[in-house]
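Chains as they are written, first to last, in this note's numbering: chain A, 467 to 548; chain B, 350 to 739.
What the hints contain is simulated information worked out from the structure, not anything from laboratory work. Hints may be right or wrong, so weigh each one.
[Said to hold, decoys possible] Chain B side only, calculated, beta carbon under 10 Å to chain A, not exhaustive:
(1) G430
(2) L433
(3) K437
(4) G566
(5) L569
(6) M570
(7) P571
(8) G576
(9) I577
(10) G581
[What the hints assert, rightly or not] Non-contacting residues of chain A with respect to chain B, defined by C-beta distances greater than 10 Å in every case (computed):
(11) A471
(12) H474
(13) D476
(14) E517
(15) D518
(16) A521
(17) F530
(18) K545
For clarity, every value in this text was computed on a predicted model and none was experimentally measured. Backbone N, C-alpha and C fix where the C-beta goes; we use that ideal spot for every residue, glycine too.
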Amino acid sequence: MKFVANQHADDTLDLVCRMCPLHLLEPGEKLACLKKGQVLEVLTDYDGALEDIPAWCEKCGQEFLGIEEDEDCYKLYIKKKK
Amino acid sequence: MEQVYLDHASATPVRKAVLEAMLPYFGERFANPSTVYDMGSKVKQAMEEQREKVAGLIGAKGKEIIFTSSGAEANNLAIKGVALAHRKKGNHIIISSIEHHSVLNAARFFERMDYEVTFLPVDAFGMVNPEQLREAIRKETVLVSVMHANNEIGTIEPIPEISAVCKEKGVLLHTDAVATVGNIAVNVDDLGVDLLTLSGVSFGAPKGTGALYFRGGLRLMPLIQGGIQESGRRGGTENIPGIIGLGKAAELAVEELPANMKHARELRDRIISGIRKRVEQVKLTGHPENRLPGHASFCVAAIEGEALIFMLSREGIYANTGSACASKALKTSPVLVAIGTEAALAQGSIVFTLAPNNNADEISYLLEKFPPVVERLRAMSPIWKEQTAA
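Isolated chain A (complex conformation) (with noise of 0.2 Å):
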């Protein structure tokens, strides 16, 4: 798991009291609006999206930066690159 602290982000996709697979469904549509370089936050108090995510980015060629917990969700971050 990795881990980052104060990371910046261009835009921020709340998916907190969504179900899953949302988590694997809106983080594409959202990135697909950013401009290459750009940063995702996705916010989720889902914990399989802490494993699902950084996979995802693998497979869909995005580069997955890291967690950050949240008092009351996950932040996770993700940098544009296709």
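Once you have looked at the hints, place chain B on chain A.
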């Protein structure tokens, strides 16, 4: 006259155009909207078009609409979804004391847990006082829920003023707009609400249809765990024919609302003035001016509302004693109690709710039949005999 239906708060007939729009979705367009092949994606596209239409009826965006099975489900989703998702902020909910059972009982559900619920009083017309709300809000308050209009007494609540207080205090506001959406102009921005409930049964869509508006970005805990349906906020394959019907009814409501409101107001005013003129000791319940255009409600002294409904139905006139959910309970309406109606008088509650298909002849028929029915019931009433003797 064969049948005069004046209970549209309980149910409205499904409009012909609505039914016609729905029919293909019981037949050849049956595919599941979550599937990836074109049969399914076409259904999904049709569903998303209805979401825009429903959103358009209340000045919202399509992505802010969750389709539900009813107004009751939408009310539950609003109360439970917010209370659970925002538990870390606090454990206090405020609702008015005249809410529909689906709000009232959803809030009471939390009283059994570690939440507190404040029931706001209303005045003699059923109006919530925004200043009393201000005093009731605490730092633990997560949600305020006040209905847009009451289905039993027709009073329209001062939601923009209530919203101003909630915004000042940083508290989310939900309104149950089942009685208003499709019947009067409703705009979520003008009202200033964060969540709003609507029901298709109020405006010519089939039963089993409803929606919850939630302001973009608001966290909401799902009630029904499932998959990707409704963007991961409500599990279960969507009721596509119902959603198509809801969208069509919303589209028609947008087009017809101004004319329908004027028509309903004229008929309502005839009922109110006609009954007051023809029957003594009848009290109009709810606000005299700030009320739904198609809503006339009364308490008739010295008789039972249920008997009145039964006798009227024998003349082909269909009305109600209060809310459809509570009328069979033979219990004094909590709404009438909350507005301070004397217990004996509250027994004689009767509610007429109109729709665009009602006409002036039907109202004339009601005004002809209503006084003799009341007279017959009062002739059997010991209370009436005591009152007249005194």
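Structure-inconsistent hints, enumerated in ascending order: none
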